[in-house]
Every structure is written in structure tokens, then in C-alpha cells.
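Protein chains in written order, with my numbering: chain U, 1 to 358; chain H, 359 to 641.
I should point out that these hints are in silico values taken from the structure, not numbers from a laboratory.
Certain hints may be false.
Quick list of in silico lysine to any residue cross-link-like pairs, SDA-like style, CA-CA up to 20 angstroms [unchecked claim]:
| hint | chain 1 | residue 1 | chain 2 | residue 2 |
| --- | --- | --- | --- | --- |
| 1 | U | K111 | H | E454 |
| 2 | H | K514 | U | E302 |
| 3 | U | K111 | H | V438 |
| 4 | U | K111 | H | I593 |
| 5 | H | K514 | U | Y216 |
Since this is a predicted model, take the numbers as computed values, not measurements.
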Amino acid sequence: MAYVAVKGGERAIDAAHGWLAEARRGDPDCPDLSLTQIEQQLGLAVDRVMAEGSCHDRSLAALAIKQARGDLIEAAYLLRAYRTTLSRFGASRPIDTDAMRLRRRISATYKDLPGGQILGPTFDYTHRLLDFALLAGTPPPPAPQATPKREAAPRVTGILAAEGLMRPETANEAAPADLTREPLAFPADRSMRLQALARGDEGFLLALGYSTQRGYGNAHPFVGELRVGEVSIELQPPELDFPIDIGDITVTECQMVNQFAGSKTEPAQFTRGYGLSFGHSERKAMAMALVDRALRARELGEEITAPAQQEEFVLLHSDNVEATGFVEHLKLPHYVDFQNELEKLREIRADALRNAAE
Amino acid sequence: MTTAAGYNFGYLDENSKRMIRRALLKAVAVPGYQVPFGSREMPLPYGWGTGGIQVTASIIGPDDVLKVIDQGADDTTNAVSIRRFFAKVAGVATTERTAEASIIQTRHRVPEAPLREGQILVYQVPMPEPMFRLEPRLAETRKLHALADYSIMHIKFYEDIARTGHIATSYNYPVMVDDRYLMSPSPIPSFDNPKLHRMPALQLFGAGREKRIYAVPPYTKVRSLDFEDHPFQPIRADGTCALCGSRESYLDEIVTDDRGGRMFICSDTDYCGTRAAGQEAAE
Numbered sequence: 001m002a003y004v005a006v007k008g009g010e011r012a013i014d015a016a017h018g019w020l021a022e023a024r025r026g027d028p029d030c031p032d033l034s035l036t037q038i039e040q041q042l043g044l045a046v047d048r049v050m051a052e053g054s055c056h057d058r059s060l061a062a063l064a065i066k067q068a069r070g071d072l073i074e075a076a077y078l079l080r081a082y083r084t085t086l087s088r089f090g091a092s093r094p095i096d097t098d099a100m101r102l103r104r105r106i107s108a109t110y111k112d113l114p115g116g117q118i119l120g121p122t123f124d125y126t127h128r129l130l131d132f133a134l135l136a137g138t139p140p141p142p143a144p145q146a147t148p149k150r151e152a153a154p155r156v157t158g159i160l161a162a163e164g165l166m167r168p169e170t171a172n173e174a175a176p177a178d179l180t181r182e183p184l185a186f187p188a189d190r191s192m193r194l195q196a197l198a199r200g201d202e203g204f205l206l207a208l209g210y211s212t213q214r215g216y217g218n219a220h221p222f223v224g225e226l227r228v229g230e231v232s233i234e235l236q237p238p239e240l241d242f243p244i245d246i247g248d249i250t251v252t253e254c255q256m257v258n259q260f261a262g263s264k265t266e267p268a269q270f271t272r273g274y275g276l277s278f279g280h281s282e283r284k285a286m287a288m289a290l291v292d293r294a295l296r297a298r299e300l301g302e303e304i305t306a307p308a309q310q311e312e313f314v315l316l317h318s319d320n321v322e323a324t325g326f327v328e329h330l331k332l333p334h335y336v337d338f339q340n341e342l343e344k345l346r347e348i349r350a351d352a353l354r355n356a357a358e
Numbered sequence: 359m360t361t362a363a364g365y366n367f368g369y370l371d372e373n374s375k376r377m378i379r380r381a382l383l384k385a386v387a388v389p390g391y392q393v394p395f396g397s398r399e400m401p402l403p404y405g406w407g408t409g410g411i412q413v414t415a416s417i418i419g420p421d422d423v424l425k426v427i428d429q430g431a432d433d434t435t436n437a438v439s440i441r442r443f444f445a446k447v448a449g450v451a452t453t454e455r456t457a458e459a460s461i462i463q464t465r466h467r468v469p470e471a472p473l474r475e476g477q478i479l480v481y482q483v484p485m486p487e488p489m490f491r492l493e494p495r496l497a498e499t500r501k502l503h504a505l506a507d508y509s510i511m512h513i514k515f516y517e518d519i520a521r522t523g524h525i526a527t528s529y530n531y532p533v534m535v536d537d538r539y540l541m542s543p544s545p546i547p548s549f550d551n552p553k554l555h556r557m558p559a560l561q562l563f564g565a566g567r568e569k570r571i572y573a574v575p576p577y578t579k580v581r582s583l584d585f586e587d588h589p590f591q592p593i594r595a596d597g598t599c600a601l602c603g604s605r606e607s608y609l610d611e612i613v614t615d616d617r618g619g620r621m622f623i624c625s626d627t628d629y630c631g632t633r634a635a636g637q638e639a640a641e
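Build the full structure now, drawing on both the sequences and the hints.
Here it is as C-alpha cells:
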């Protein structure tokens, strides 16, 4: 009858936490996992936790993953809960992904283009056969080396825009709203939507993006460009009139090129969907770009028919910390309300049975 | 028969191959009809050509010569990857020459050189349902196919013409097969659609993620959907290949700088290479 102890069950809680800590550690004869190991060898999990946790700190994300026993949503939650305690000194200047030190850059729309196609460290063309050499701990042979080309890699969307084929984006110099400080309001502007998508659950956005490809929302997407690499973060303190470089972070950026049939006032052209994510997280950036484009239906005067185009549906259900909280809260005791339901159901059934008997 | 350590010839087990061959036979018997099949998880991801790979794996034999193209080219990363896969799990001979191949697996193109009897062209298909953008529910499109009711596609084309003066579809342009089933030719450019008509080679289409197989048997009538007063018009960039000088082949656009510089080259690398070699020999 352990559950009954929810009421004032202090001893039960302490014991449960003790058990959890032991379960997290696993067999004590097995070496403890170091944060460096997680950072180095589970790097993509670290990237995902930083993105969904809205906090760029690799070692804290690694700690969260360790503490959460590898549950990445729980880890993102731990990181968010920590992030919220930090005081804010200011906002960095917008990052310049044009100046990214590229580790990977591919375009699916052109066979070759200035800056070239850089495959980089990708799973894309591996054959998914379990590699039993890893089981034996055999180190990989050294990868071939080359000096990086410092050739400019102009954005594909810019190349299309130069020909007038890409719908221009209107620059907005107003300070963007901050999703972490202000609640979402509807209709949401694009900066707010992109913030919500950037911290949104990868799996949820993946499914929504996928649905737009399968006819639920009229998407005709091409990966104009996907780039992964390091960008500088610059801060301009109010007392200085020049920005200070405070460090580099890795980001993944995806510009999806989509068809747009045109409207009464605009000719047919391409439109863009945008995705940006901390770390190396291509699936997330691509899914985000698909959903961003789907959510522009209203602005472009397209008919809204599919879930991915419905702003409230998407933005209010994409945050996995919120979602897991509400779903999992069903484990909390609800017996007061349930008692009420029980009595009501008994009453209705008794009436129905009585009426049937008459 | 085994090749690569621990895997059956062609990767799939013999029972799975037999299941797929049965679906293929049915598909050949009912041209253009989408046959559901028990698609398997493959070691290449969905979207990379798992349908085509399963079809190829089921029909390939030790004497076959395999060619794999993506975007018309043998040297594109995905084509290289799939060719290597079959070299590893089936140990078959591979080629880049269209004429020498007994099986050609393709993504997004039909080779420029005409195919002959005895060859098999295996298409990788992302969305087998030609009407999915108009009606995403599979139970509904199945009914429309049963009734041969393709009016929604005609209305879509009519609306395109009313709005822009053109049918707005450029690739994955739907075709009628044997005057009965509306079929997606896979996302090939509409430029390639006429090649499907009465082709002497067998055409097999595999959609792994969507779990459908369909086929166009040799010499079958394949007509691109259109209107009498708006006949089907295949699209091709108005240019000349910078390597072989072809004015007939389908071209890729290469961006050479960010000041509007462009050049065109053949998308079909074997066609282009063969022509360029012929010109060199003639000189």
C-alpha cells in the first residue's frame, strides 16, 4: 500500500530517492561515467539537451544527462530549471551564420555552388549495420586531413533572391519579444514562433514536419542549404561603442526553399522556412524549417487545413517540458475528483437502471 | 547463398524476397496499381531509397550487372552508397554504363540512352500516391482509384491554368498507365515522362516507407495527364551542356559565383561522358 503513503509519506519519498540514486549509478563495480565522456562521446545528446533546455553549456547539459539517467527530456528540464535562476546581463548581437566556420555545408538544390558542398561528419551515407568493432573498443583509423578552404559560401537563398525568385523577408529592427519572459500571445509574430520552435521537442516537430510532406499542409520543400559550424557570439555593452567577442558556439542552420503559388498581389515565387538549433542537430533544424514554413500560411494567404499550419496547436504543444509535466502529472493523486466522478456515475446509472425497470 | 559475413545474398532473407517478388508479380499484372507489401527495415534510412533497394535486393542475381544513379549521376553520394551496399551484400558486378547494366536503380531520373528489352529500371519512390497533396487520406484515394475517378487531379490542373496559364507541376508529373490507373512516375522531371511510354524495359517502382510497389510492364501505354487544349509540355532548361555540348539532354544548373554566374551540365553523367569521349576520339 505504498501509494497511500503519498499523503505525508516522507519516509517513502526519501527511500524512493535513495533507490533512484542507486538505480542511476547502476552496478558500482562498473566505472562511473564522467561528464567529459558524455560531452565527448554522446555529443549529439548534449546538443539536443542544450537546444530543448534553451541553454548553451555543454558541461551542464552533460551533467543533466547523467543525472537524468539518459532521459533527454528530463535532462532538458533540469537545464531549464537551472537556466531560470541565472541573472541576465544583456543580449548578444545577432549571430552571423554567413561568417560561420563551416564543418558541413550541403545544398540539395544545386549540384555545385560557390563555397562547394562539404559533407562533414554525417551519418547520411553510412550503412546502418551494427559495428561490432565498437563492441571491442577498437579505435577508428585516423580520418584523412585537409586544410579548410576559406572560400566564401554565400547563402543559397541569397542566390535565388538575386534573381528575384525568392520572396524577400522584411527586416524588423524592433527588439524581439522574449519567450522566456513573456507568455505566448496569438497570433504570434515570427520571432516568437521561431523561439518556440527552437526550444520545441525534436520528435514533435519531426512528426509535424513529416506530416507536411505527406499531404497534410501543402509543402513542396527543398533543402536550399544546411550548414553546421562555429559562429562567434558578440556582446556590445552599453558603455562601449564596439562589440566584444565572448566566444564561439556550434549551430546548425537550415534554409528550406518552398514553392509559393502566389496571390492576387504577388507572382509565384519561392519562400523560405528557417531552422536554427544549438550544436549539431540537423533533424531538429530541418523539422523546424518545415514547420516554420507551414506556420506562415496565414501571412502568405494560404488555406489553413492541416495541423502543422495551426499556430496554437503547434506552439502550445511543442514544448516538451510543459507537455511531459502535464501528461505525467496524471500520476499524482486525483482521488478527490475521482470520488466525485464515481458518485455521479453511480447516480446516473442508478437512474437509468430504474427507468429501464419501469 | 551468402556473401558479406553474416548476411544473406542481397541482404534480405529469402522469405522476404519471395514476399516482395509476389508483390512485384501482382504489380506487373495490374500496371500502375499500387500493391501494398510488408516493407522491411533496411540499413539505409527511409527516404534514401529503401523501396528501390528492396526491389533490387529481391530481383538481383549473381549474374546481374547493377547501375545506380541519383539525379542522373553515378557519382552522387547516395548512388555511391547504394552501389557499395549491393557490391558488399550481393557481390555483384556494378557498372556506370547504361547499356551494360541489367538492373538500373534510379532516383529522380530516367537515363537519356533508350533502354532495351531485358533491362529493368527500378525507381525509388517517396510518395506512391499521385493524389496525396489533394487527398492525404489513403482510404479515400483507394476508393478514387477503384472508381478511376481522377477528377480532383484534373480540377487541380484546371485551377493552375486558370491562375497562371500553366499546369504548375514540373516534376512528379502524374501519368495514366494503360488507360486505367493514375500513377506517380516518382519525382523525375516531367522531361523524362515521355520515356516511360512503351519502354521496352520493365519498370518497377518501390516505396519503402509507404509500403507500396507498382510497375509498368514493357511496351505499356503511359500518358502524361493533360487537356486537349493544354497539351503536356516537358520542361528543360534552355541551355547547352558545357562538357559535351548536348542540346537535348536534361541539364543541371551549376552556380559559379554569387554575381549571377551559371553554367549547365548534363544530369546524366554516363550519357555526357560517352558523348564527350566520342567527340575526343573523332578529333
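Outcome of the hint check:
no.	hint	result
1	U:K111 / H:E454	holds, 19 angstroms
2	H:K514 / U:E302	holds, 15 angstroms
3	U:K111 / H:V438	holds, 15 angstroms
4	U:K111 / H:I593	holds, 19 angstroms
5	H:K514 / U:Y216	holds, 16 angstroms
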